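J.: Sequences and hints are given; from them, build the entire structure.
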Amino acid sequence: MNLSSFFFLVREGFRNIRRNGLMSLAALGTVTVALTVLGSSLWTAYRINEIAQAQPRTLNEIDAFIPGERSASTAVLARVQALPNVASVKLVTREQAWQEMQQSDPTMGQALDTNPLPDKLAIETRDPAEMGALVARLRDHSQFAEIAEVKSTSDEVRIMLAAARIIKIVGGMAALGLFLATFFIVHNTIRLTVFARRREIRTMQLVGATPGFIRFPLLLEGVFHGVVGALIAGAIVLFCRAQVGVFVSRFHSVLLGDVPARLGPVELIGGMVAIGVLVSLIGSHMAMHRFLRQV
Amino acid sequence: MRRSIIGLFPACPLRRTVQTKAPRATLMIELTDVSVAYGNEAIALSHVTLRVVKGEFVFVVGPTGAGKSTLLKLLNREERPTEGRIVVASTDLTTLRPSQIPLFRRHLGVVFQDFGLLPTQTVYENIAFALRVIGATGGVVKRKVPEVLEMVGLAHRPDAFPGQLSGGEQQRVAIARALVNDPPLLLADEPTGNLDPDTSDGIADLLRHINLRGTTVVVVTHDVRIVDRLARRVLAFERGRLVRDEARGGYRAAEVDEDTDTPSPEAPPLQGVTR
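Sequences listed follow chains A and B, in order.
The first sequence begins at 7 in the working numbering and counts up by one.
The second sequence begins at 298 in the working numbering and counts up by one.
FYI, nobody ran anything at the bench for these hints, they're computed from the structure.
All figures in this text were calculated on a predicted structure; none of them were measured in a lab.
Glycine included, every Cβ here is placed at the ideal spot set by N, Cα and C.
Careful: at least some of the hints might be erroneous.
Cβ pair distances, simulated, as ranges [to be verified]:
id	chain 1	residue 1	chain 2	residue 2	range
1	B	D502	A	V283	51 to 61 Å
2	A	R204	B	S396	15 to 25 Å
3	B	N337	A	L186	39 to 49 Å
4	B	E338	A	H295	26 to 36 Å
5	B	R394	A	R204	16 to 26 Å
6	A	L9	B	E338	48 to 58 Å
7	B	E338	A	V43	20 to 30 Å
8	A	R268	B	L400	50 to 60 Å
9	B	L400	A	V43	21 to 31 Å
To be clear about the criterion: a stretch of chain A counts as covered by chain B if any three or more of its residues have a C-beta under 8 Å from a C-beta of chain B, and this derived list gives those stretches [unchecked claim]:
id	region
10	200 to 208
11	212 to 220
In silico contact screen, one side only, chain B against chain A (beta carbon under 7 Å); selected entries [unchecked claim]:
id	residue
12	G413
13	L415
14	T417
15	A427
16	R429
17	G432
18	T434
19	V437
T.: Written out as structure tokens, the structure reads:
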């Protein structure tokens, strides 16, 4: 293809979009709706996963209090360390704890003559979802008689962390399903536009146009719908994201509070345009394949 | 010289043999024992053998379902024969690879009954499209499109869309598009099928004019009027068989007088035979 033909085909592509206005609008609308659903679903799944990933950094700790001798504390430390799903164990001695308390709350330190605090094991779990099982084990006196009390993050957190784990699996499958659904919607829409112009395509074939010559403007149209549809869908998702953010912030939730999104608006729009282009390119190509084979 | 001598002796046994062996270089279309069947029972064409030499004007006539349109589809390689061999413009269509079909079609001009114009493009753009397809530059398009529009009498309507033209005008645009690449062969499928008699006469005259410039023209038609008026070679089909090949025929077979049934010296002789 020479340069003159290339520019001609690019002009043809945009001219077709303009002249087949209603069909182009229908295709654009369908692509936009499909990409909005896909984009918002992917974004939601991504954010939930991101928030869940951020939780273990602050809320996967278990505190086990040991009121006995120091030797008992070190013995328990060794046994806890050997347990599965334990990432790390740190012994906080009663002296260290007393010092910390005096620094953080001096009045309390002055009110008490002696140090009432026991030794503490600060345990960090490997998998937050398995925290419940570990807490239950530590509270089992037949195994850990030396431990007087076990404190862990709330049930709310544990449920959320378990949900995050499910989201990872189900979300991935749902994203794939939605991607395929979007692809078929876009493919079908492009197929309808190609079908509406089948006589035009036949005429092109009969005057000696090569498949590539016929395909190029139609592919360009498909990509145009993909890009513009993705830009509109991206704007809608960004708007919804802002609105949901405002809504969620009213709950002042410690969980959702300050987990910043790693993906900014540019990355979000870029990702959606990439998906739009990919889906429309493959969809257009497949839609045309059948009609280009006929004559 | 040899041909004219033989023409003096219609009963000469050499006549048919000599006449069917036209030099290959002068042949535009050659069908040898061509059949087209759809499934086991539907026979579209049956053992058709015919030749059309360069510069001829040929009408293909016959009732609906006789095989006329199938013949045209074979000639532009929309279909392939079940049996036999087809050579068009020195290209053997029976061995033509799919990737070569677009290049082959650039040697043809095709005119359809429904005009086959691109509805979203202007008259000028429709014609220019056929040039763009072969990679013509803007300069060539600007030179050739007005020329061919002038030839078909539509130089004053380059910016009109097909929907704004009459049937006759749309057919003229289709003919202009078919001719803009200077093809050696023009195939027309019912070019006057949707037109009134006066407009049909205009299209027929245009086709004759194109033929006089040297283009081989094959017209599939039901239009008795133009076939009888132009009195050119007629190939008549019935139920897939070539039943008549007349050098200067009418739409319907004339009463044959055995004594005077000599081919015209300037028209091609009987070249089609069926089994």
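J.: Now, for every hint given, state plainly whether the structure supports it.
T.: Each hint tested on the structure:
1. For the pair D502/B and V283/A, the beta carbons lie near 53 Å from each other, so the given range of 51 to 61 Å is met.
2. Checked against the hint of 15 to 25 Å, the C-beta distance between R204/A and S396/B comes to roughly 21 Å, which is consistent with it.
3. At roughly 42 Å, the beta carbons of N337/B and L186/A sit within the given window of 39 to 49 Å.
4. At roughly 31 Å, the beta carbons of E338/B and H295/A sit within the given window of 26 to 36 Å.
5. Under the hint 16 to 26 Å, the C-beta atoms of R394/B and R204/A, about 24 Å apart, fit the expected range.
6. Under the hint 48 to 58 Å, the C-beta atoms of L9/A and E338/B, about 53 Å apart, fit the expected range.
7. A hinted range of 20 to 30 Å for the beta carbons of E338/B and V43/A is inconsistent with their spacing of about 51 Å.
8. Under the hint 50 to 60 Å, the C-beta atoms of R268/A and L400/B, about 54 Å apart, fit the expected range.
9. Taken as a hint, the range 21 to 31 Å is violated for the pair L400/B and V43/A, whose Cβ atoms sit roughly 45 Å apart.
10. With a threshold of 8 Å between beta carbons, the proposed coverage of the region 200 to 208 of chain A by chain B holds, since 3 of its residues qualify and at least three are required.
11. Counting residues of the region 212 to 220 of chain A whose CB lies closer than 8 Å to any CB of chain B gives 7, so the stated coverage by that chain holds, three being the minimum.
12. Nearest Cβ of chain A to the Cβ of G413/B: about 4 Å, under the 7 Å cut. The hint holds.
13. At a threshold of 7 Å, the smallest CB-CB gap from L415/B to chain A is about 5 Å, leaving the interface hint in force.
14. At its closest, the beta carbon of T417/B sits 4 Å from a beta carbon of chain A; the interface hint therefore holds under the 7 Å criterion.
15. At about 5 Å, the closest approach between the beta carbon of A427/B and any beta carbon in chain A falls short of 7 Å, and the interface hint on this residue holds.
16. With a least beta-carbon distance of about 5 Å to chain A, the hint placing R429/B at the interface is held under the 7 Å criterion.
17. Taking 7 Å as the C-beta contact cut-off toward chain A, the hint placing G432/B at the interface holds, the least distance being around 5 Å.
18. This hint holds: T434/B has a C-beta 5 Å from the nearest C-beta of chain A, less than the 7 Å allowed.
19. Taking 7 Å as the C-beta cut-off, the interface hint given for V437/B is violated, the closest approach to chain A being about 10 Å.
The structure does not agree with the numbered hints 7, 9, 19 stated previously, though it agrees with the rest.
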